[in-house]
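**Student:** Bring the two chains, given one by one in their own frames, into a single complex with the hints.
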Amino acid sequence: MDTAPSGRLAGKVALVTGAGTGMGQACARLFAAQGARVVGTGRRAERLRETGELVLSEGHEAEFVACDLSDEAAARALVAGVRTRYGRLDVLVNAAALGGSAYGVLRAGGVDDIAGTSTDQWHELMRNNIDSVFYLSQAAIEIMRAQGGGAIVNIGSMAVVRGFAAYHAYAVSKAGIHTLTRAMAVRYGRDNVRVNCIAPGTTDTPMMAGSASMANLDPSNPDRFSVNPMGRAGTPEEMAYSCLFLASDEASYVNGVVLAVDGGALSCPT
Amino acid sequence: MPDMNGLLAGRVAVVTGAARGLGESIARLFAGEGARVVIADVRADEGRVVAAELGASAAFVGHDVTDEDSWRALVDATVGRFGPPDVLVNNAGIGGRTTVLELDRAEFDRVLAINLTGPLLGMKVVGAVMRDRGRGSIVNVSSMAGMVGVYPAIAYSASKWGLRGATKAAAIELGRYGVRVNSLHPGGMATPMVDGPSVPLREPPGPGRPEDDPMLSGLDAVRSYQPIPRIARPIEIARTALFLASDQSSYCTGMELVADGGRIAGFDLEREPTS
Numbered sequence: 000m001d002t003a004p005s006g007r008l009a010g011k012v013a014l015v016t017g018a019g020t021g022m023g024q025a026c027a028r029l030f031a032a033q034g035a036r037v038v039g040t041g042r043r044a045e046r047l048r049e050t051g052e053l054v055l056s057e058g059h060e061a062e063f064v065a066c067d068l069s070d071e072a073a074a075r076a077l078v079a080g081v082r083t084r085y086g087r088l089d090v091l092v093n094a095a096a097l098g099g100s101a102y103g104v105l106r107a108g109g110v111d112d113i114a115g116t117s118t119d120q121w122h123e124l125m126r127n128n129i130d131s132v133f134y135l136s137q138a139a140i141e142i143m144r145a146q147g148g149g150a151i152v153n154i155g156s157m158a159v160v161r162g163f164a165a166y167h168a169y170a171v172s173k174a175g176i177h178t179l180t181r182a183m184a185v186r187y188g189r190d191n192v193r194v195n196c197i198a199p200g201t202t203d204t205p206m207m208a209g210s211a212s213m214a215n216l217d218p219s220n221p222d223r224f225s226v227n228p229m230g231r232a233g234t235p236e237e238m239a240y241s242c243l244f245l246a247s248d249e250a251s252y253v254n255g256v257v258l259a260v261d262g263g264a265l266s267c268p269t
Numbered sequence: 000m001p002d003m004n005g006l007l008a009g010r011v012a013v014v015t016g017a018a019r020g021l022g023e024s025i026a027r028l029f030a031g032e033g034a035r036v037v038i039a040d041v042r043a044d045e046g047r048v049v050a051a052e053l054g055a056s057a058a059f060v061g062h063d064v065t066d067e068d069s070w071r072a073l074v075d076a077t078v079g080r081f082g083p084p085d086v087l088v089n090n091a092g093i094g095g096r097t098t099v100l101e102l103d104r105a106e107f108d109r110v111l112a113i114n115l116t117g118p119l120l121g122m123k124v125v126g127a128v129m130r131d132r133g134r135g136s137i138v139n140v141s142s143m144a145g146m147v148g149v150y151p152a153i154a155y156s157a158s159k160w161g162l163r164g165a166t167k168a169a170a171i172e173l174g175r176y177g178v179r180v181n182s183l184h185p186g187g188m189a190t191p192m193v194d195g196p197s198v199p200l201r202e203p204p205g206p207g208r209p210e211d212d213p214m215l216s217g218l219d220a221v222r223s224y225q226p227i228p229r230i231a232r233p234i235e236i237a238r239t240a241l242f243l244a245s246d247q248s249s250y251c252t253g254m255e256l257v258a259d260g261g262r263i264a265g266f267d268l269e270r271e272p273t274s
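So the sequence lines, in the order shown, correspond to chains A and B. Residue 16 in numbering that gives the first Met the number 0 is what sits at position 17 of the first sequence, and the numbering runs on without skipping anything. Residue 195 in numbering that gives the first Met the number 0 is what sits at position 196 of the second sequence, and the numbering runs on without skipping anything.
It is possible that part of the hints are untrue.
Residues from chain A that keep clear of chain B, each with C-beta distances beyond 12 Å, as calculated [as the list claims (entries may be wrong)]:
(1) G51
(2) G80
(3) R82
(4) A114
(5) T116
(6) E141
Okay, the calculated beta carbon distance ranges per label pair [said to hold, decoys possible]:
(7) E60(A) / V149(B): 41 to 51 Å
(8) E67(B) / H122(A): 51 to 61 Å
(9) V149(B) / P218(A): 41 to 51 Å
(10) A51(B) / A164(A): 51 to 61 Å
(11) E60(A) / G5(B): 24 to 34 Å
(12) E67(B) / A164(A): 37 to 47 Å
(13) R231(A) / G5(B): 20 to 30 Å
(14) N4(B) / D217(A): 27 to 37 Å
(15) D248(A) / L100(B): 41 to 51 Å
Quick caveat, the hints were computed from the structure, so don't treat them as lab data. Quick reminder that beta carbons are idealized off the backbone N, C-alpha and C, glycines included.
So that you can see chain B by itself, here it is in the shape it has in the complex (with noise of 0.2 Å):
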């Protein structure tokens, strides 16, 4: 059963690409839950700043996910300082704008190696503590991109389609062991990848109410037409990652979560936008 005072309490998590973003946002959610949460970044400023103001409960740890030994090196880092890692959120990714026909190659085989074999090696390094320890989450943050296509972008559209296919196959490979391996797939997204605001902590506005921040209230106006009329703020994807992370999804594994605001799920062509 789930503690639900503090869905992580006692947990160790590593999430990737902490220092700012979705990121941050997870690992603060993340460490409010009661987790003692490893920031892991190639940004060491930023990922310090995070990590010094949660305190005694995070650590940063420089890491590059395309490197395997890097990951040896941060799950040691993590054992060391809280122990055996509980949690895994893969969530270090990049964007890119390559298309098919005028494919970069460089640009593609770049998004490949951060966004697709960077998440396969923390699950080798990482799951094959969690499998020793017959227990743990790993959570994928795929993307929208990862349930359609998305134009112009054929390498990340790619890269998250795999992840989503790793997904499951490393669940099949991991389940026995009491590991569990999901995918998330959020929609739009107000962080630094599109650049938006940091606003790791930030709530949307009430229904019906109007953003004050104007660089938000910009985003949001882009996706006035689906269904959630928004764009999502970073705590409402954190929420559905803790959701993965935690024991309230223990019976879930190889499944993708999908958090756009409705907006894969179908038209609604009569119905005008509201702005």
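Chain A on its own, in the form it takes in the complex (with noise of 0.2 Å):
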């Protein structure tokens, strides 16, 4: 009987952050469907068991692993533990940050902007969504070096490129990611170790509900073509699509890009 994986990841152990929702728990499933052995993580057990259960659901398995990225400790850990269990990391999806949600009490009272971010709020938001990336890049580029190569994918976003007055703290931790991503792209091809990032437009996931991109998206807006030409926003299936290419030897000669999934967003004058 032909027991050799079959898939676009077939054979590649993959660390997925972020997998209990949104575009990591998408990445999780389709790198899953295609092949890869997959380790998800991400702070709340209950979501990562939810993705496990779509997993399995779905004829695949993958292991999941709670944890709070932004100890550093536990985030070297992490990997060091996927090493052990599988001997090797081939692929790392940086999928896990805080959004506009980590602003509930600014958003609730309508005000998401500079003068009402409080220092630790900034702060929460950088440990979370730049730090952890630096922790687990470097445990993993490490092995990665060692093994003869691999492939890291981040999630960045389109608000990096340009301004979005509501997502200052956001931005500027994306930006981090978009930096990051080429500094390593350079320095660690000539290891074989490729470094791109996606910068995904507005997506339906729990990150983005109840935004205000998602209501100028609403099919009940008919300008909603001129702020973004597809007229929809992406799912999280689009942006693991991307993902898996990125991921993938299909991407092998794509290094230090920052591939925007936008519906064209990006192309218009805002």
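**Tutor:** Right under this line is the structure:
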């Protein structure tokens, strides 16, 4: 009986953060379906269990480990654990992030601006969105270089390319991801470690629920095409397919890019 | 959801400049992913050979990208043979070495006509068919020279930046009809345009392994300073075109996909090249 794994990530070990929800969850499901051995992680064990049930119901398997990735020791131990259990790490997807919902109090008041952001909130966002990517990427690159290669896919944001007044701190954290992506790509491409990121536009995830961006793209808004040529929000699955492409050997000559997956929003004048 | 077993299963693709080089690689890859492919090119002899090798899933059509009537004839031939096109790859293009201070006006006009006006006519004629059907994906093959300046190639750079800009404006115009338009920006690639050998399906050597074809290894050596320290094999760039052509990129439009091994991503001044 032929038991060789098939799929576009066949035989690869992939660590996916933020796997309990949104894009991370979509990546975990798609990567497992494409033959990868997936380790999904995130802060909330209950959400990870839900993803695990989805993966199982689709006929695949994956492992899920709850972890606070802003905790440096925990983040590094997580990566070391993947190597111990699977012997390698081929793909890292940094999808975990706090978004607008981290500003619950501010949003409830309708104000999500620089003047209303507390220092604690600022630091919490940077710890979760960019410090964690530094810890995980550093640990992953050490393994990838030693084994002869690998691919890192980061989730950036269109809010890095254009200024979004309500997403100042979020955008700064994501700008760090774009910058780190390029620097790592330029340094480690020679070791066959490719590093790329996607810049999602408005995506129908829990993070974006109730946002002005989603409201703008509602089918009831006749002007939605003026800000988004496709006139709709993206889906987590669409983001996952872009991540799959960048993670797979099909992108063997793609390194250090920011791939806009935004329905064309960045092509438009604001 | 894309059919991951054949990313272009049941689709009809038109690829210009498909008689050789990157276009040939794209045509062969797309056919392998289930597409029926029209190989459009001014080079009839080579184009017919490629089409014959691909068998029933490919057809050659003689085509001049600078002629709007030729585009109409191409669409008619495509519809007659395989049905309306789902994918257009505007791949045909030429190089050129003219500079701003020694501008060869004839060369400039010719490069712009083939590299920019040609794809525009394609978007006009094929885009109209796609609009009427409410779906389609157009891949405009620009260049690294559409992201940065390249010397000495003022006409080439201008044409490839022009195509990048036209891609975005067309994406806005066609998005509401379900037609996506994206640009592809390859770096150095082993094709006849850079005096490379014809290797449409050849894979790169594994990391750290030597290239046994002396012509390719010479081209690799010139690129040893890059983050990925070698020239691209055409199949690697063809795979990025496949991503843009297929439903894998269903939320991508108006964007640029750079495939240059990391060359324009930045600088690493501390690290020595390994070869």
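**Student:** All hints are to be evaluated individually against the structure, with a verdict given for each.
**Tutor:** For each hint, the structure was consulted:
1. G51: Nearest chain B Cβ is 21 Å from G51(A), so the label holds.
2. G80: 26 Å, holds
3. R82: 19 Å, holds
4. A114: For A114(A), whose nearest Cβ neighbour in chain B is about 33 Å away, the distance exceeds 12 Å, so it holds.
5. T116: With a cut-off of 12 Å, T116(A) remains clear of chain B, as the shortest Cβ separation is near 30 Å.
6. E141: 16 Å, holds
7. E60(A) / V149(B): 41 to 51 Å: Given range 41 to 51 Å: holds, Cβ gap about 48 Å.
8. E67(B) / H122(A): 51 to 61 Å: Holds, since E67(B) and H122(A) (Cβ atoms, about 59 Å apart) stay within the stated range.
9. V149(B) / P218(A): 41 to 51 Å: 44 Å, holds
10. A51(B) / A164(A): 51 to 61 Å: 59 Å, holds
11. E60(A) / G5(B): 24 to 34 Å: Check passed, 25 Å falls within 24 to 34 Å.
12. E67(B) / A164(A): 37 to 47 Å: 45 Å, holds
13. R231(A) / G5(B): 20 to 30 Å: Given range 20 to 30 Å: holds, Cβ gap about 26 Å.
14. N4(B) / D217(A): 27 to 37 Å: Since the Cβ atoms of N4(B) and D217(A) sit about 35 Å apart, the hinted range of 27 to 37 Å holds.
15. D248(A) / L100(B): 41 to 51 Å: Check passed, 44 Å falls within 41 to 51 Å.
In the structure shown, no violation is registered for any of the earlier numbered hints.
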